[in-house]
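Engineer: Go ahead and model the full structure; you've got the sequences and the hints to work with.
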Amino acid sequence: MAGFLARRLLNYLVLVAVASSLAYMLAAGALDPRSNYADRTPKPPPAVVDAQLTALNLNDKTPLIQRYATWAAGVLHGDFGRTVTGTSVNEDLARRAGVTFRLVLLGLICGSLVGVLVGAYAAVKQYGLFDRLSTGMSFLVLAIPVVVLATMLILVGTWLNENVFGAKVFLVSGEYSDGLDTGFWGGVLDRLQHLILPTVSLSLGLIATFSRYQRNMMLDVLGADFIRTAVAKGLSRRRALTRHALRTALIPVVTYFAFTFGTLLTGATFTEKIFGWHGLGEQLINSIFTNDVNTVAAIAFLAAIAVLAASLAADMLHAALDPRVRTA
Amino acid sequence: MTAGEPVLEVRDLHVTFGDVRAVRGVSYAVRPGEVLGIVGESGSGKSVTSAAVMGLLPPSATVTGSVRLRGQELIGAPEKRLTALRGKTISMVFQDPLSALTPVYRVGDQIAEAVRIHQKVTKEQAMVRAVELLDLVGIPNPGQRALGFPHEFSGGMRQRAVIAMAIANDPDVIICDEPTTALDVTIQAQVLEVLKTAQRETGAAIVMITHDLGVVAGFADRVLVMYAGRPVEVGAVDDIYYRMRMPYTVGLLGSIPRVDRGGRQPLVPIEGAPPSPAALPPGCPFEPRCPMAVEECSVAEPALLEVGPGHEAACIRWADVGVRPPGRHAAQAAAAVRGGRGAQEVVLRVDGLVKQYPLMKGSLFKRRVGTVHAVAGISFDIRQGETLGLVGESGCGKTTTLMEILELVKPQDGRIVVLGQDTARLAAGDRMAIRRDMQVVFQDPLASLDPRMTVHDILAEPLRTHRRGDTGSRVRELLRLVGLDESHAARYPQDFSGGQRQRIGIARALALEPKLVVLDEPVSALDVSIQAGVINLLDALKSRLGLSYLFVAHDLAVVRYIADRVAVMYLGRIAEIGQVDTVYDGPMHPYTQALLSAIPLPDPERERTRRRILLDGDLPSPADPPSGCRFRTRCPKFRTLAANERSRCVESEPEVRALAQDHGVACHYAEKLEVVQNHEESHP
Amino acid sequence: MSLQEEELAEELRQPPRAPSRLRMVGGRFFGSTQGRIGFAVLAAMFLLAFVGPLFSPWTYTDKDFTAFLQPPSAEHWFGTLQTGADVYAVTLRGMQKSLIVGLLAALLSTALAATVGAFAGYFAGWTDRTLSWITELLLVLPAFLILAIMSPLFGDGQWVLFVVMLALFLWMVTSKIVRGMTISLKQREYIQAARFMGVPPVKIIFRHVIPNLSSLLIVDATLNVSAAILTETSLSYFGFGIQPPDVSFGTLIADGAKTAVYAPWTFWFVAALLVVTVLAVNLIGDALRDAFDPSAARKVRR
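Protein chains in written order, with the UniProt record's numbering: chain C, 1 to 328; chain E, 1 to 684; chain S, 1 to 302.
It is possible that some hints are incorrect.
What the hints assert, rightly or not - Residues from chain E that face chain S, not an exhaustive set, calculated with beta carbons under 10 Å:
1) R435
2) R436
3) Q443
What the hints assert, rightly or not - Computed far set for chain E versus chain S, every beta-carbon distance over 12 Å:
4) R11
5) K196
6) D212
7) P309
8) D585
9) R611
10) D616
It is worth saying that the hints were derived from the structure and are not from the lab.
No residue lacks a Cβ here, since even glycine has one placed at the ideal position from N, Cα and C.
Structural biologist: What follows is the structure, given as structure tokens:
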């Protein structure tokens with residue numbers, strides 16, 4: 001087991017290294033930090049620009065391979081370099097990671113819980129009104145891209161604020177209002193108001209996905225022989241369903257939960273950007289606009305680690321929940 | 001026979017799924033302690049009947065008629081009442097033990113759950129009872145095994161656990177739906193023994209559903225034969241086997257290969273295939289296949305007629321049905337020569353073949369935990385025109401052997417010589433030439449034909465691969481050869497019945513006029529009545545085309561019909577090899593003896609009187625075979641040996657040694673023992 | 001009968017029942033409400049995108065300098081943009097591009113998935129390890145980031161390159177599934193029969209393996225169409241996808257979102273058409289899955 005785990009981790013390490021190196025090369029090759037200085041008034045002299053760029057390890061006059069070596073050496077020491085404005089990438093991303101984590105965790109928990117409940121109930125009442133309604137809704141939600149969904153939520157939110165509540169109930173930009181002074185509870189309320197719409201935007205898609213997935217898993221299990229055995233030994237249908245079917249059908253869904261968590265790190269990009277949350281996803285888009293090579297590479301690195309860690313966690317969870325995998 | 005009121009009475013049961021009438025009027029009654037066998041081929045409605053009795057059919061099924069359990073009507077009863085009865089008064093054992101237990105709970109907990117549903121006991125008491133039950137059904141070390149998960153149990157052990165669950169609440173009726181079909185023959189014998197114990201302990205009535213007339217012959221008191229959703233003959237077990245009055249029963253019994261019948265007599269297949277329940281013929285459903293059919297038969301469906309005391313048959317010509325099988329369809333027996341082995345050319349020689357592969361543990365965190373010794377040094381040869389039957393239970397290495405031969409590469413150890421060419425020294429061209437001369441027929445006829453190709457394309461593929469021109473006429477010729485119609489070439493495999501598909505598979509194997517055909521369980525997926533036709537075809541083709549067969553099978557009875565010589569494998573080694581009749585009539589290896597004695601005979605009288613050698617436990621893991629003789633851990637002979645004699649079995653592995661002309665046995669203490677009397681001798 | 005005549009006779013004998021499976025699947029597909037609605041709606045969308053512009057007096061390049069940001073009217077059916085462009089014409093133009101991009105990317109990615117997955121699964125060993133590693137690597141790379149970085153290359157009508165890159169990040173999951181199914185298919189007896197007959201491996205892959213996965217692949221390709229359209233929209237929304245002067249759903253929605261509050265017609269028409277299109281594609285995919293695998297539907301009915 002330990003040997004296997006070690007080999008797998010080593011493989012992951014190689015994957016992360018290759019993935020972030022590739023991302024760095026691509027970013028360093030395609031992005032042009034020099035152009036940031038072109039629009040400045042007064043235009044800085046080329047020598048100054050060169051010196052600044054070199055200090056940030058962004059000078060395109062330095063050969064790519066040399067820049068890469070400098071960057072890689074830094075990464076090996078845990079330093080991802082500086083942003084185009086000269087601040088530390090590490091500090092910037094650490095702050096943003098917390099923001100993203102909060103949003104993703106809340107959205108994922110809401111989405112998966114509601115999704116599992118909806119899917120399980122739909123499967124048990126297959127072809128019933130609820131099943132058909134939830135299936136139809138999932139299809140609709142899955143057809144709406146997040147950017148459209150988020151924009152629609154903002155539009156609806158503002159409309160409701162103006163025409164129904166007559167006050168700003170849903171706040172559509174940022175994490176909290178700056179310079180607010182309403183005490184602790186006021187602050188909490190303000191944060192909640194900011195949180196509602198982004199969370200909804202993130203969870204709706206997840207609810208749709210999870211409910212479809214749980215429904216299919218549940219239907220697979222419902223036809224299984226062991227459910228027939230459970231009924232044949234005298235369990236009522238309801239108890240056979242909850243004790244034997246739901247428990248078994250939950251295993252792949254929980255695994256899926258862990259996996260989704262990893263991909264959501266960058267998956268929340270659109271939501272963050274549109275709602276003005278200063279998370280990792282937002283920075284990903286900003287960094288490309290600002291030609292911030294080091295930040296781009298660092299985010300690619302984090303994303304790779306998140307995906308691999310999540311898939312490892314998913315496998316571990318699977319092993320913990322399913323005796324067939326655990327001991328077979 | 002047991003007297004008393006019937007505990008379970010089924011009357012005029014009908015089940016329909018939409019327009020399909022799956023069950024069309026089944027009636028039976030079982031008394032306490034009585035065993036009723038329900039026999040039928042796939043699609044006869046036998047399993048639907050039992051599910052209907054338990055109330056386990058999906059809501060899409062319409063059930064009418066009456067099912068009375070201890071006088072209580074079950075059809076239309078509220079779900080709550082059924083729940084209270086299920087598992088308490090009436091319980092069920094299912095066919096597939098692999099999927100019948102919930103994979104995520106411990107076996108002991110699942111049995112304890114069955115106890116706690118119907119009895120007011122604490123968790124601990126229920127667990128104690130579960131362990132008792134596991135002990136009762138013969139699971140060694142029950143206290144510890146109760147904590148295991150289903151996937152840690154072998155098939156036989158799981159079926160025992162399911163039986164333990166079924167008898168947990170002393171039911172009055174146990175319905176067993178093909179309880180041994182998925183199991184090996186020695187394990188089947190064990191499980192049947194457990195069922196008998198269970199019946200003794202609980203005094204329950206048993207309804208035993210099976211397709212195997214052998215299984216119920218020694219077990220049932222009465223038998224009901226089903227065909228196309230209806231009972232066609234009902235009677236005491238001896239009436240059904242010795243005084244049958246329905247041509248279908250006659251045909252069924254005539255088509256079963258019997259391990260106790262030597263000499264080469266062709267089997268008598270029933271022509272055609274069972275009708276689809278969606279399109280039944282107007283008259284007697286068996287009329288299209290019946291050798292005795294007259295015009296009247298297609299007019300109306302005959303009712304069950306009283307033909308003797310407690311014996312009913314649904315045939316208008318019942319009086320004319322003789323006790324001997326009607327022989328209209330008997331194929332012309334190939335006058336096979338079964339003398340000594342001639343000096344024919346050797347087409348296949350296997351010498352000390354070894355195949356090992358790493359044993360991986362865990363489906364997720366794969367790691368190597370050992371080596372599976374799948375084949376551990378076996379030798380045999382096949383001469384031109386000869387059939388060697390390679391038999392053994394699952395896990396004995398017979399399929400691995402076959403695959404090793406088909407791969408045509410250098411084996412890990414030993415030698416494989418095909419048609420005079422050593423596979424270790426084959427150039428690409430030679431290999432291609434051997435691929436032309438050696439062909440294969442697989443077990444599952446549907447899986448072995450690409451569902452997206454027409455029969456023409458399937459048969460043409462070998463011809464095209466080896467660049468034989470004129471595929472069109474050759475395909476037609478092949479279809480005729482295996483008894484199919486030329487017009488079938490444009491159809492897809494799924495349009496055919498199982499037997500026809502296997503014929504297509506055989507035709508494909510013969511397309512290139514091979515010298516050697518390797519057959520992997522070619523008839524085990526077929527219904528008995530179909531199986532006989534395919535066996536006869538294989539036999540006829542062999543003598544007509546001068547083929548040699550390597551016939552791999554788990555069914556010893558089938559091998560007796562087709563093979564000239566037989567090799568019995570156990571745990572990667574050959575236990576016994578020799579001429580078929582020599583081995584079957586006088587087996588000398590204790591494993592062969594046990595194997596032969598475990599095969600149920602479709603002959604109630606002999607089943608009641610014969611001695612069965614029961615083996616202990618399961619097959620040891622091929623990753624960790626016992627030292628010395630691999631069979632010693634289960635060997636009945638070993639147990640009778642003195643300590644000093646035993647040490648030889650423990651220390652040295654016996655090699656196959658010739659004990660008579662063409663009869664080799666791998667046992668230090670081989671001794672002849674007649675376990676199946678020859679049928680002809682006892683019934684002249 | 002000469003050989004030729006015989007071959008001719010053979011050919012005449014073959015056809016009548018040949019497409020039976022296709023007809024069966026088609027029958028089941030059109031037998032389901034989902035399938036019928038999905039197909040009808042998608043067909044209508046295609047018709048609208050490619051025939052619709054012919055009925056409008058405006059083309060997507062025209063600017064009406066008398067009407068900036070005007071609500072829908074008889075003159076401009078969907079209203080106008082800030083630039084004076086006709087929303088109807090521009091939207092249909094964007095729809096054309098989105099549909100083509102979606103279709104091409106889906107076809108490409110499914111073909112890639114089928115080939116890589118089948119080769120990896122069939123050959124095992126080093127082929128498998130290499131291909132699987134590449135698959136894994138592409139899964140680990142954040143697709144959005146790479147596409148965004150490369151976006152400057154997609155200008156100047158280089159949208160085909162965009163399609164290729166989009167496809168490059170869509171195939172991995174399917175490929176993993178195909179690989180798994182190939183491994184189990186390889187054990188299937190008809191593949192073994194072909195192997196032991198001497199049919200070369202590459203031929204087996206293209207003759208037996210991939211055709212037998214066609215149901216999965218067709219369904220997957222369908223669902224990939226919607227995935228590609230959605231990805232394209234998101235990328236273009238931030239300016240990383242289709243580049244001007246080309247327009248697509250994504251660029252239109254991005255523009256529309258800015259003016260949506262006071263000029264809803266610039267946003268809602270595009271958004272609705274997008275959602276309806278994707279919904280129709282998903283419905284078709286789902287109905288196809290059921291049509292190909294009726295046993296799943298039947299099993300489920302228990």
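Engineer: Quick one: work out the minimum CB distance from D616 (chain E) to chain S and report holds if it exceeds 12 Å, violated otherwise.
Structural biologist: holds (33 Å)
Engineer: Just double-check K196 (chain E) for me: nearest Cβ-Cβ distance to chain S has to come out over 12 Å.
Structural biologist: Holds, since 33 Å exceeds 12 Å.
Engineer: Minimum Cβ separation between P309 (chain E) and chain S greater than 12 Å?
Structural biologist: holds (42 Å)
Engineer: Can we confirm that no CB of chain S comes within 12 Å of the CB of D212 (chain E)?
Structural biologist: holds (24 Å)
Engineer: Hey, is R11 (chain E) genuinely clear of chain S, shortest beta carbon separation above 12 Å?
Structural biologist: holds (26 Å)
Engineer: Tell me if the interface restraint on R435 (chain E) is satisfied: Cβ within less than 10 Å of some Cβ in chain S.
Structural biologist: Result: holds, 4 Å to nearest chain S Cβ.
Engineer: If we take the beta carbon of D585 (chain E), is the closest beta carbon in chain S still more than 12 Å away?
Structural biologist: Holds, because the least Cβ-Cβ distance between D585 (chain E) and chain S comes to about 35 Å, which exceeds 12 Å.
Engineer: Holds or violated: is there a CB of chain S closer than 10 Å to the CB of Q443 (chain E)?
Structural biologist: holds (7 Å)
Engineer: Checking a non-interface call: every C-beta of chain S should be farther than 12 Å from the C-beta of R611 (chain E). Is that right?
Structural biologist: Given a closest Cβ separation of 39 Å, the condition holds.
Engineer: Please check whether R436 (chain E) passes as an interface residue: C-beta within 10 Å of a C-beta belonging to chain S.
Structural biologist: holds (7 Å)
Violated hints: none; the structure is consistent with every hint.
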